[in-house]
Amino acid sequence: MTDSINTSGYDRMIAYIQALNIYRISLNLNNTFSKFSMEGKIGVIGILAIILMAVFAPMITLYPPQKITGDSLEAPGSVHILGTDELGMDIWSQICYGARMSLTIGLAVAFVSGFGGGALGVLAGYIGGHIDQALMRIIDVTMALPSFPLLIVISAFLGPSVLNVILILVLFSWAKPARIARSQTLAIKKNSYIIAARNYGASPFYILRKHIFPEVMPVLFVLIIGISSHAIIAETGLAFLGLGDPTSKSWGMMLNSATSFSSIYFTPYWQWWLLPPLFMLILLLLCLAFISRDMERILDPKLKIKKGI
Amino acid sequence: MRNDRNSFIFRLLLTLFVILVINFFLPRMMPGDPFSTTSDDDSGDEVIIMTEEQRQYYMNYYGLDKPVHEQFLVYLKNLLKADLGRSIYYKMPVSDVIMLHLPWTMFIVLASTVISTIAGVILGTFSAKNRKKGSDRIMMTGLIAFAEIPSFLLGLIMLLIFSVHLRLFPLAGAITPFAHYSGLGEQLWDILYHACLPVMTLSLAQLTGVYLLTRNTLITVTTKDYIRTARAKGLGEKTVWTRHALRNALLPVVTRAGFMIGIMMGGVVLVESVFSYPGIGMTLRSAVVGRDYPLIQGILLVIAVSILICNLLVDKIYSKLDPRVTI
Numbered sequence: 001m002t003d004s005i006n007t008s009g010y011d012r013m014i015a016y017i018q019a020l021n022i023y024r025i026s027l028n029l030n031n032t033f034s035k036f037s038m039e040g041k042i043g044v045i046g047i048l049a050i051i052l053m054a055v056f057a058p059m060i061t062l063y064p065p066q067k068i069t070g071d072s073l074e075a076p077g078s079v080h081i082l083g084t085d086e087l088g089m090d091i092w093s094q095i096c097y098g099a100r101m102s103l104t105i106g107l108a109v110a111f112v113s114g115f116g117g118g119a120l121g122v123l124a125g126y127i128g129g130h131i132d133q134a135l136m137r138i139i140d141v142t143m144a145l146p147s148f149p150l151l152i153v154i155s156a157f158l159g160p161s162v163l164n165v166i167l168i169l170v171l172f173s174w175a176k177p178a179r180i181a182r183s184q185t186l187a188i189k190k191n192s193y194i195i196a197a198r199n200y201g202a203s204p205f206y207i208l209r210k211h212i213f214p215e216v217m218p219v220l221f222v223l224i225i226g227i228s229s230h231a232i233i234a235e236t237g238l239a240f241l242g243l244g245d246p247t248s249k250s251w252g253m254m255l256n257s258a259t260s261f262s263s264i265y266f267t268p269y270w271q272w273w274l275l276p277p278l279f280m281l282i283l284l285l286l287c288l289a290f291i292s293r294d295m296e297r298i299l300d301p302k303l304k305i306k307k308g309i
Numbered sequence: 310m311r312n313d314r315n316s317f318i319f320r321l322l323l324t325l326f327v328i329l330v331i332n333f334f335l336p337r338m339m340p341g342d343p344f345s346t347t348s349d350d351d352s353g354d355e356v357i358i359m360t361e362e363q364r365q366y367y368m369n370y371y372g373l374d375k376p377v378h379e380q381f382l383v384y385l386k387n388l389l390k391a392d393l394g395r396s397i398y399y400k401m402p403v404s405d406v407i408m409l410h411l412p413w414t415m416f417i418v419l420a421s422t423v424i425s426t427i428a429g430v431i432l433g434t435f436s437a438k439n440r441k442k443g444s445d446r447i448m449m450t451g452l453i454a455f456a457e458i459p460s461f462l463l464g465l466i467m468l469l470i471f472s473v474h475l476r477l478f479p480l481a482g483a484i485t486p487f488a489h490y491s492g493l494g495e496q497l498w499d500i501l502y503h504a505c506l507p508v509m510t511l512s513l514a515q516l517t518g519v520y521l522l523t524r525n526t527l528i529t530v531t532t533k534d535y536i537r538t539a540r541a542k543g544l545g546e547k548t549v550w551t552r553h554a555l556r557n558a559l560l561p562v563v564t565r566a567g568f569m570i571g572i573m574m575g576g577v578v579l580v581e582s583v584f585s586y587p588g589i590g591m592t593l594r595s596a597v598v599g600r601d602y603p604l605i606q607g608i609l610l611v612i613a614v615s616i617l618i619c620n621l622l623v624d625k626i627y628s629k630l631d632p633r634v635t636i
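If you read the sequences in order, they're chains A and B.
Residues in the first sequence are numbered from 1 upward in steps of one, following my numbering.
Residues in the second sequence are numbered from 310 upward in steps of one, following my numbering.
Read the hints as simulated data drawn from the structure, not as lab findings.
The reader is advised that the hints may include incorrect statements.
[Said to hold, decoys possible] Computed beta-carbon distance windows for the label pairs:
(1) A/131 x B/381: 40 to 50 Å
(2) A/247 x B/498: 29 to 39 Å
(3) A/128 x B/529: 28 to 38 Å
(4) B/541 x A/48: 49 to 59 Å
(5) B/325 x A/62: 46 to 56 Å
Keep in mind the model is a prediction, meaning the values are calculated, not measured.
For each residue, glycine too, the CB sits at the ideal point set by N, CA and C.
Model the full assembly from the supplied sequences, consistent with the hints where possible.
What follows is the structure, encoded as structure tokens:
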């Protein structure tokens with residue numbers, strides 16, 4: 001096994017490492033699911049339901065979300081399950097397709113900033129010295145910046161698009177995983193088995209792959225869930241302020257168009273226009289919170305996760 | 310210790326500098342410049358609406374022909390004079406627009422800080438006293454789940470329940486428009502009545518944090534020796550809890566209240582939008598919609614500076630309250 005890796009070049013090796021890490025994660029997930037409490041299981045089921053809804057959106061909806069398929073502001077009925085909005089677009093379709101938007105942004109931001117920031121933190125913690133110091137300064141400043149107001153301003157200047165929103169959110173959420181991964185690495189680095197491995201001639205790359213990444217990974221995973229819920233909130237907030245991508249219908253955009261419809265509160269329209277996205281968002285965030293709390297609880301005896309300020 | 314404090318101040322200044330740099334460079338990174346329009350619909354070419362001489366004149370007039378670092382220094386100098394430029398929409402200095410709306414934001418943020426701190430301490434103490442009983446567990450699960458709902462969604466729910474469904478509170482605004490008050494009392498009542506829902510929303514959103522902090526600190530404090538000593542001296546339970554336990558547990562709560570103001574200044578933008586409350590958050594929203602760039606930058610600066618000031622104050626208050634920290 002090892003021979004074939006040694007001879008088969010760099011990219012095969014990378015693939016092997018990735019496979020190894022993914023294997024470890026899936027192993028972890030299997031173990032943790034059985035340890036989940038009632039709440040955690042509800043959370044997992046809820047998230048799975050929302051993911052299925054997003055993936056199979058074309059199959060479970062009758063109308064495309066951005067086509068006018070009925071009268072404007074139709075009440076829920078047999079033709080349109082949840083009614084229509086002011087332009088006559090089906091609300092149920094918008095909810096299903098909107099799930100894609102929220103999940104994509106949440107997951108993309110969480111994975112990029114979680115693993116990117118985590119890798120930076122591990123490297124800085126392992127290398128130490130000036131690089132570590134410099135990274136810590138940058139992390140301090142990033143964490144002290146008022147993120148939401150800056151988010152508004154930057155997306156107002158850069159213009160709304162999904163990619164911009166993801167990039168800006170990553171810019172503001174990599175610091176926490178980096179800091180935690182760094183402190184974890186510093187703690188692990190002092191262990192005598194690492195020193196022993198190094199004395200036996202293990203390369204830094206080997207130590208990082210075999211000893212440090214697997215230890216840091218569970219913590220990063222919990223953080224990733226937290227970051228994704230933050231990202232979803234931030235995207236909803238931006239869209240609610242009218243800074244979302246106008247070509248996509250996210251739940252935040254639905255809230256925005258419903259609340260900016262004049263005198264919506266004096267009509268019964270809010271019952272089928274405003275409530276569905278509101279309900280879905282709260283459901284999604286609660287499910288994510290349940291999962292992350294449970295994972296934190298499961299990991300707690302081994303690792304104390306430092307809460308952000 | 311001194312080293313720690315110096316690095317704290319240094320970090321604040323560095324953060325302020327980063328915000329200033331972002332604020333200064335963002336509009337300059339945008340494509341085009343203020344004197345040429347880039348929007349020729351058919352060809353997509355730049356349409357020149359001024360002659361080269363006119364352009365040069367205006368570039369010179371606004372100081373845009375100088376090197377960037379000189380422009381940055383001019384920007385800083387203007388900031389020191391509290392000159393934030395002119396709002397495009399309101400046609401008046403940005404600082405005046407902000408001063409018009411800032412008091413409303415300050416009012417609801419401070420009110421909800423006070424309310425959520427007091428309520429959180431009371432609930433937390435109750436929970437810590439009844440630790441591991443049913444009431445503690447129910448309260449904790451409920452409040453933790455509650456805390457996961459972001460403040461503006463909470464605000465929407467409150468608005469739908471109390472204003473739309475029950476019609477108890479006004480839908481929008483900070484005062485009744487075109488109202489004539491018979492006295493100061495009536496005016497005050499009107500302001501409180503309008504501020505009620507936004508303040509409740511912000512307080513509820515912050516409540517869980519204070520509650521958990523109070524509860525957990527109290528539980529740690531009550532295991533200390535001096536609590537046992539106090540009980541052994543024969544002091545009543547009430548005195549032990551209020552004079553000995555709570556007094557020591559309040560320290561982190563006070564610090565949190567300061568940070569809370571900072572966090573809320575960021576979140577208030579959305580909450581004010583929900584209730585159409587005329588604070589700087591609402592102004593920021595309308596500035597963003599109208600692309601009023603000087604106003605956007607000014608508001609960002611005010612929010613950032615107030616957060617930094619809060620952090621600085623927390624640091625000062627903390628060292629006053631806890632003699633162990635003072636140098």
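Consistency of the hints with the structure:
The hinted window of 40 to 50 Å between residue 131 of chain A and residue 381 of chain B is violated, with their beta carbons roughly 29 Å apart. At about 47 Å, the beta-carbon gap between residue 247 of chain A and residue 498 of chain B misses the expected band of 29 to 39 Å. Checked against the given bound of 28 to 38 Å, the beta carbons of residue 128 of chain A and residue 529 of chain B, roughly 33 Å apart, stay inside it. Checked against the given bound of 49 to 59 Å, the beta carbons of residue 541 of chain B and residue 48 of chain A, roughly 55 Å apart, stay inside it.
Separation of residue 325 of chain B from residue 62 of chain A is about 54 Å and conforms to the stated range, judged on CB atoms against 46 to 56 Å.
Going through the hint list in order, the structure does not satisfy hints 1, 2.
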